[in-house]
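Taking the hints into account, I'd like the entire structure generated from these sequences.
Number of protein chains: 2
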Amino acid sequence: MRPTPALRPSSVSRVLGPRRVPSFHRYVSHQATRSVAELLQWRPPVKADDVVVNGFVRSVRSMKAHRFVALGDGSSLAPLQALVQADHAEDLAVGAAVRLTGSWVSSPGAAQSHELHVSKVEVLGPSDAKTFPIQKKYQTPEYLRTMPHLRPRTPVNAVLLKLRSEAIASLTRFFAGRSFTQTHPPIITSSDCEGAGEVFTVTPANEASAPPNKGGDQDSFFRSKKYLTVSTQLHLEALAQAVGNVWTLSPVFRAEKSETSRHLSEFYMLEAEMSFVDDLGPVMDLAEDMLRSLSTNLIESATVQDLFSRPRNSGTDLAPADEVRRRWEGLMRQDWPRMTYSDAVALLQQKADLFEHKPTWGAGLQSEHEKYLAEYVGGGGTPVFITNYPRDIKAFYMRETQTSAAAAVPGATVDCFDLLVPEYCEIAGGSMRENRLEPLLDVMKRQGVLRPSSAGGPDQATAGGLDWYVDLRRWGCPPHGGFGLGFDRLLGYLAGVQTVRDIVSFPRWYGRCDC
Amino acid sequence: MRPTPALRPSSVSRVLGPRRVPSFHRYVSHQATRSVAELLQWRPPVKADDVVVNGFVRSVRSMKAHRFVALGDGSSLAPLQALVQADHAEDLAVGAAVRLTGSWVSSPGAAQSHELHVSKVEVLGPSDAKTFPIQKKYQTPEYLRTMPHLRPRTPVNAVLLKLRSEAIASLTRFFAGRSFTQTHPPIITSSDCEGAGEVFTVTPANEASAPPNKGGDQDSFFRSKKYLTVSTQLHLEALAQAVGNVWTLSPVFRAEKSETSRHLSEFYMLEAEMSFVDDLGPVMDLAEDMLRSLSTNLIESATVQDLFSRPRNSGTDLAPADEVRRRWEGLMRQDWPRMTYSDAVALLQQKADLFEHKPTWGAGLQSEHEKYLAEYVGGGGTPVFITNYPRDIKAFYMRETQTSAAAAVPGATVDCFDLLVPEYCEIAGGSMRENRLEPLLDVMKRQGVLRPSSAGGPDQATAGGLDWYVDLRRWGCPPHGGFGLGFDRLLGYLAGVQTVRDIVSFPRWYGRCDC
Chain U
1 MRPTPALRPS SVSRVLGPRR VPSFHRYVSH QATRSVAELL QWRPPVKADD VVVNGFVRSV
61 RSMKAHRFVA LGDGSSLAPL QALVQADHAE DLAVGAAVRL TGSWVSSPGA AQSHELHVSK
121 VEVLGPSDAK TFPIQKKYQT PEYLRTMPHL RPRTPVNAVL LKLRSEAIAS LTRFFAGRSF
181 TQTHPPIITS SDCEGAGEVF TVTPANEASA PPNKGGDQDS FFRSKKYLTV STQLHLEALA
241 QAVGNVWTLS PVFRAEKSET SRHLSEFYML EAEMSFVDDL GPVMDLAEDM LRSLSTNLIE
301 SATVQDLFSR PRNSGTDLAP ADEVRRRWEG LMRQDWPRMT YSDAVALLQQ KADLFEHKPT
361 WGAGLQSEHE KYLAEYVGGG GTPVFITNYP RDIKAFYMRE TQTSAAAAVP GATVDCFDLL
421 VPEYCEIAGG SMRENRLEPL LDVMKRQGVL RPSSAGGPDQ ATAGGLDWYV DLRRWGCPPH
481 GGFGLGFDRL LGYLAGVQTV RDIVSFPRWY GRCDC
Chain H
1 MRPTPALRPS SVSRVLGPRR VPSFHRYVSH QATRSVAELL QWRPPVKADD VVVNGFVRSV
61 RSMKAHRFVA LGDGSSLAPL QALVQADHAE DLAVGAAVRL TGSWVSSPGA AQSHELHVSK
121 VEVLGPSDAK TFPIQKKYQT PEYLRTMPHL RPRTPVNAVL LKLRSEAIAS LTRFFAGRSF
181 TQTHPPIITS SDCEGAGEVF TVTPANEASA PPNKGGDQDS FFRSKKYLTV STQLHLEALA
241 QAVGNVWTLS PVFRAEKSET SRHLSEFYML EAEMSFVDDL GPVMDLAEDM LRSLSTNLIE
301 SATVQDLFSR PRNSGTDLAP ADEVRRRWEG LMRQDWPRMT YSDAVALLQQ KADLFEHKPT
361 WGAGLQSEHE KYLAEYVGGG GTPVFITNYP RDIKAFYMRE TQTSAAAAVP GATVDCFDLL
421 VPEYCEIAGG SMRENRLEPL LDVMKRQGVL RPSSAGGPDQ ATAGGLDWYV DLRRWGCPPH
481 GGFGLGFDRL LGYLAGVQTV RDIVSFPRWY GRCDC
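Protein chains in written order, with my numbering: chain U, 1 to 515; chain H, 1 to 515.
Keep in mind the hints are simulated off the structure, nothing from the lab. It is possible that part of the hints are untrue.
Treat identical chains as interchangeable: a pair holds within one or across any two.
[Unchecked claim] Below, computed lysine-lysine pairings styled on DSBU-like, alpha-carbon distance capped at 30 Å:
no.	residue 1	residue 2
1	Lys225	Lys257
2	Lys445	Lys130
3	Lys257	Lys358
4	Lys47	Lys120
5	Lys120	Lys130
6	Lys64	Lys130
Quick caveat, the model's predicted, so the values are computed rather than measured.
In C-alpha cells:
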C-alpha cells in the first residue's frame with residue numbers, strides 16, 4: 001500500500017524550501033535557568049549575574065522600597081529569597097507563576113547564604129491572591145484533601161511527590177540490576193475470586209445506562225462480566241513461567257466500604273514473582289534486600305533530608321522527624337527477624353495480659369498483636385517477618401508447609417509471610433504458590449473456588465474464571481513464590497504521613513473520588 | 001496505644017531460643033546457577049563442572065544412548081543444548097520445568113560452541129507433552145492469542161517481555177537524569193469528556209447487579225458516576241504546576257468498538273508535562289531526545305540483538321529484521337524533520353494523484369497521507385513531527401498559535417504536533433496547553449465542554465466534571481505543554497510486531513478479554 005516513490009527524501013527540501021523550524025532552546029530550559037534547589041546549593045564566591053529562576057510566589061513581605069519574595073518550585077522544601085524593587089513587584093501575588101532574572105549574591109540575613117537581587121520580573125501565570133485557597137499558614141490535611149488538584153503546590157506535598165518518583169527510580173534500578181523483568185499485567189480481568197465480592201466491575205458508558213440486554217452478558221463489550229484487578233499476582237505467575245523472575249508496579253482496586261487511614265479504593269502495589277525457588281527464604285531475602293536497597297539509596301537524597309528537616313510545627317498529621325528517621329534506619333539494618341506464626345502466638349500468649357484480644361492459634365493476628373511483634377521482636381524500627389500462618393486463614397493458592405517443623409504445630413500451615421513494621425503493621429505479604437495440579441484443585445474445591453462441572457464430568461469449571469490459572473500447572477510449573485507490597489503504604493510509612501490519603505495525589509476511597 | 005515495653009529486644013532471643021531460620025540460599029539462586037543467556041556467552045577454555053541451569057524443555061531429539069534437549073528460560077531467543085543419557089531423560093517432556101546439573105564443555109556441533117553434559121536431572125514441574133498447546137513448530141499469532149497465559153513461553157514472546165522491561169528501565173533513567181518527577185495520576189476519574197462517550201464506567205460489583213437506587217447516583221460508592229481514565233494529561237497538568245516537569249507510564253482505557261491492529265481497550269501511555277516552557281519546541285525536543293536515548297541505549301542489548309537475529313521464517317506476523325533495524329536507526333538520527341500541517345497539506349496537494357482522499361486544509365490527515373509524510377519527509381525511518389493543526393479538529397485544551405506564521409494559513413491553528421513513523425503512523429502527540437483562564441473558557445464553550453450555569457450566573461458548570469481543571473488557571477498557571485506516547489504501539493514498532501495485540505501480554509479489545 002506504499003505510494004509510488006515519486007518524491008525522494010533528497011528532494012524534500014527543494015519542494016519545501018528551507019525547513020521552517022524555529023530555533024528552539026532545549027527543553028532543559030535556557031542555559032541560565034536553575035531550579036530553586038540548585039540555587040540554594042550554589043554559593044559562588046562573587047555575585048553571579050543573569051540568573052533565571054522559574055517558580056511560584058509563596059509569600060511577599062513588604063519593606064520600604066523592596067519586597068522580599070519567597071519563591072518555591074517544588075524542587076526543595078525551603079524557598080528561595082528574592083529581593084524585588086517595589087515598583088517591579090506589583091503583580092507578585094501569592095500563588096503566581098513567575099520568572100525572575102537577577103543576580104545571585106551573598107545575603108546579609110542569617111536565614112540564607114545567598115539571595116536573588118531581581119532585575120526583571122515576568123508574571124507567566126497571574127494569581128488572584130484573595131481567593132487562592134493555599135495560604136502560607138498551616139492548613140489541615142482534611143482541608144487540603146478537598147482540593148487534590150491544588151494540594152501538591154504546598155511544599156510538603158511537593159516533597160512527597162518527589163519521594164514517590166525517587167523510590168520508583170530506585171526500585172527500577174534494583175530489579176533491573178538483578179535481571180528481573182518488569183511487566184504490565186492486565187488491569188481489567190476476568191477473575192473476581194480474590195476480591196471476596198469487593199471488586200469493581202467495568203462497563204462501557206453506553207451499556208451502563210442502557211437496559212440489560214435480552215441475551216444477558218452475551219452482548220456486552222467483553223462478552224462477560226469484567227473486573228478491575230485486586231492483585232496482579234495470578235497473572236504474574238504466568239509471566240514468571242516464561243522469563244523466570246518478574247515484577248510490576250501496578251494500580252489495583254478494592255471496592256471496600258472502608259474509611260480507615262490505611263485503605264484506598266485505588267492504590268499501587270509492587271508485586272514480584274520468582275520461578276525455580278524452592279522455599280520461602282529467597283522470597284523474604286528479596287523483599288528484605290529490596291527495602292534495604294531502597295532506603296540505603298535514598299536516605300542521603302535531598303528529598304529525604306527535607307523529610308527529616310521539616311519544621312516541628314508542620315502539623316500533627318506528620319510523624320515526628322526522629323520517628324521517621326528511625327524507620328529509615330530500621331530498613332537499612334541487616335538480618336531482619338523471621339519468626340513463625342506459631343512461635344509468635346506462643347510469645348503473645350506469654351504476654352496475654354497486655355492485649356484486649358486473646359492470642360489464639362488458628363485465628364488471625366489482631367492489630368494490637370502485630371504492633372507488639374513489630375515493636376519488640378523488630379527491636380524498634382527493623383521489620384519483622386511472621387511466617388507459616390494456618391492454612392485455613394490464608395488464600396487458596398498458598399503452598400502447604402511440608403517441612404518437619406510443621407509437625408510440631410496444632411494444624412496445617414502454609415509457606416507464607418507477612419512483613420510487619422512499627423505503627424503501620426503489615427506492609428507486605430508473600431508466599432510460595434501451590435505449583436502442583438492436584439493439590440491446587442483440592443484446596444480450590446475445599447475453599448469453594450472450584451465448582452463441580454455441571455455436566456457431571458471431572459472438575460474443571462472454576463468460580464471467578466480461573467481455569468487458565470489451573471492450566472498453568474499442567475505444563476511445566478516449577479516451584480515459585482513472590483510477594484506484594486502496598487507501595488503507597490510504604491511511602492506513607494517512609495514519609496511519616498499518617499494516612500495513605502495524604503500520600504496519593506488524587507486519593508479514592510469510599511465516598512470520595514475528587515477530580 | 002503502644003503496649004507496655006515488658007519485653008525488650010535483647011530478651012527476644014532468650015524467650016524464643018535460637019532463631020529458627022533455615023539456612024536459605026540467596027534469591028539470586030545458588031551460586032552455581034546460571035541463566036541460559038549467561039551460559040551461551042560463557043566459553044571457558046576447559047570444561048566447567050557442577051553447572052546448574054533452570055529452564056523449560058523446548059524439544060527433545062533422540063539419539064541411540066542420548067537425548068539432545070533444547071532448554072530455554074526466557075533469557076535468550078536461542079536455547080541451550082543439553083546432552084542427557086537416555087535413562088535419565090524419561091521425564092523430559094516438552095514443556096517441563098527442569099533443573100539440570102552437569103559440565104559445560106565445548107561442543108563438536110557447529111550450531112553451538114558449548115553444550116551441557118548432564119549428570120543430574122530434576123523435573124520440578126512435569127508436563128503432559130501430548131496436550132501441551134505450545135509446540136515447537138510455527139504457530140499463528142491468532143492461535144497463540146487464544147491462550148495468553150501460555151503465549152509468553154514461546155521464545156519470541158519472552159523476548160518481547162524483556163524488551164518492554166528494558167524500555168521501562170531506560171526511560172526511567174532518562175527522566176530521572178533530567179529531574180522529571182515520575183507520578184501516579186489516578187485511574188478512576190470523574191471526567192468523561194475526552195473519551196467522547198467511549199469510556200468505561202466503574203461500579204462496585206454489588207451495586208452493578210442491584211436495581212438503580214431511588215436517589216439516583218447519590219447513593220453509589222463514589223456518590224457520582226466514575227470512569228476509567230482515557231489519558232492522564234489533565235491530572236498531570238495539575239502535578240506539573242507543583243513540581244515543574246512530570247511524567248508517567250500509566251494504563252489508560254478506551255471502550256472503542258474497534259478491531260484494528262493498532263487499538264486496544266487497555267494500554268499503557270507514556271505522558272510527560274513541562275511547566276514554564278514558552279513554545280512547542282522544547283516539548284518536541286523532549287519527545288525526540290527521549291526516543292533517541294531509548295534506542296541508543298538499547299540497540300546493543302542482547303534483547304534487541306535477538307530481535308534483529310530472529311529467523312526469517314518466524315512468520316509473516318513479524319516485520320523483516322532489516323526493516324526493524326531501519327526503524328531503530330531512524331530513531332537514533334539527529335534533527336528529526338518538523339513540518340507544519342499547512343506545509344504538509346501543500347506538499348500532499350502537489351502529489352494529490354497518489355492518494356485516494358484529496359488532501360484538504362481543515363480536514364484531518366488520512367492514514368495514506370500520514371504514511372506518505374512519514375516515509376518521504378522522514379527519509380526512511382526517521383520520525384517526522386507535523387505541527388500546528390487546525391483549531392477545529394483538535395482538543396479544547398490546546399493553545400492557539402500566536403506567531404506570525406499563523407497569519408499565512410487559511411484558519412486558526414493550535415500549537416500541537418503529531419509524531420509520525422513509517423507504517424505505524426502516529427505514535428505520539430503533544431501540544432502547548434491553554435494556560436489562560438478566559439481563552440480556555442471560550443474554547444470550552446464553543447466546543448460544548450462548558451455548559452452555562454442553570455442559575456443564569458457566570459459560566460462555571462463544566463460538562464464532564466472539569467471545574468477543577470479550569471480552576472488550575474485561576475492561580476499561577478505558567479505556560480506548559482507535553483505529549484502522550486502509546487507505549488505498546490512504540491514497543492510493537494520497535495519489535496516489528498504488526499499488531500499491538502501481540503505486544504501486550506494479556507490484550508483486551510472489543511469482544512476479547514481472556515484471563
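Consistency of the hints with the structure:
{"no.": "1", "hint": "Lys225 with Lys257", "verdict": "both (21 Å within a copy, 17 Å between copies)"}
{"no.": "2", "hint": "Lys445 with Lys130", "verdict": "between (64 Å within a copy, 26 Å between copies)"}
{"no.": "3", "hint": "Lys257 with Lys358", "verdict": "within (27 Å within a copy, 56 Å between copies)"}
{"no.": "4", "hint": "Lys47 with Lys120", "verdict": "within (17 Å within a copy, 73 Å between copies)"}
{"no.": "5", "hint": "Lys120 with Lys130", "verdict": "within (24 Å within a copy, 78 Å between copies)"}
{"no.": "6", "hint": "Lys64 with Lys130", "verdict": "within (23 Å within a copy, 90 Å between copies)"}
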